[in-house]
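**Student:** Sequence:
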Amino acid sequence: MIKHKIRAKDGGTKIVSLTPIKALRYHCMECVGFAASEVKKCTSSLCSLFPYRFGKVLGHKSNGNINNLNKI
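Residue numbering for the sequence shown is 1 to 72, as defined by the numbering used here.
Please keep in mind that the hints were generated in silico from the structure rather than gathered at the bench. Note that the structure is predicted; figures quoted are calculated from it, not measured. Backbone N, C-alpha and C fix where the C-beta goes; we use that ideal spot for every residue, glycine too. Treat the hints with care, as some may be off.
[Stated by the list, open to error] Pair by pair, the computed Cβ-Cβ distance ranges are: (1) Ser-37 / Ala-8: 15 to 25 Å; (2) Lys-3 / Thr-43: 13 to 23 Å; (3) Lys-9 / Lys-41: 27 to 37 Å; (4) Ser-44 / Arg-7: 15 to 25 Å; (5) Glu-30 / Met-1: 27 to 37 Å.
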């Protein structure tokens, strides 16, 4: 896990601890205006991160754990 400065919902910045999956989730959240419910509704299938938006790692049997990502 690394510390990194990202954009915050209020327009400022904040420092967060990032794993690769959390970094993807933060990207999706920023893209949809920080509305978690909109990530589920995303239709941007041409986005290179689209297959990973719920913590799914392609080629693995498990689908990740979205409950850990909802805390972001």
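**Student:** Now tell me if each hint is right for this structure.
**Tutor:** Taking the hints in turn, this is what the structure says about them:
no.: 1; hint: Ser-37 / Ala-8: 15 to 25 Å; result: 19 Å, holds
no.: 2; hint: Lys-3 / Thr-43: 13 to 23 Å; result: 33 Å, violated
no.: 3; hint: Lys-9 / Lys-41: 27 to 37 Å; result: 18 Å, violated
no.: 4; hint: Ser-44 / Arg-7: 15 to 25 Å; result: 18 Å, holds
no.: 5; hint: Glu-30 / Met-1: 27 to 37 Å; result: 19 Å, violated
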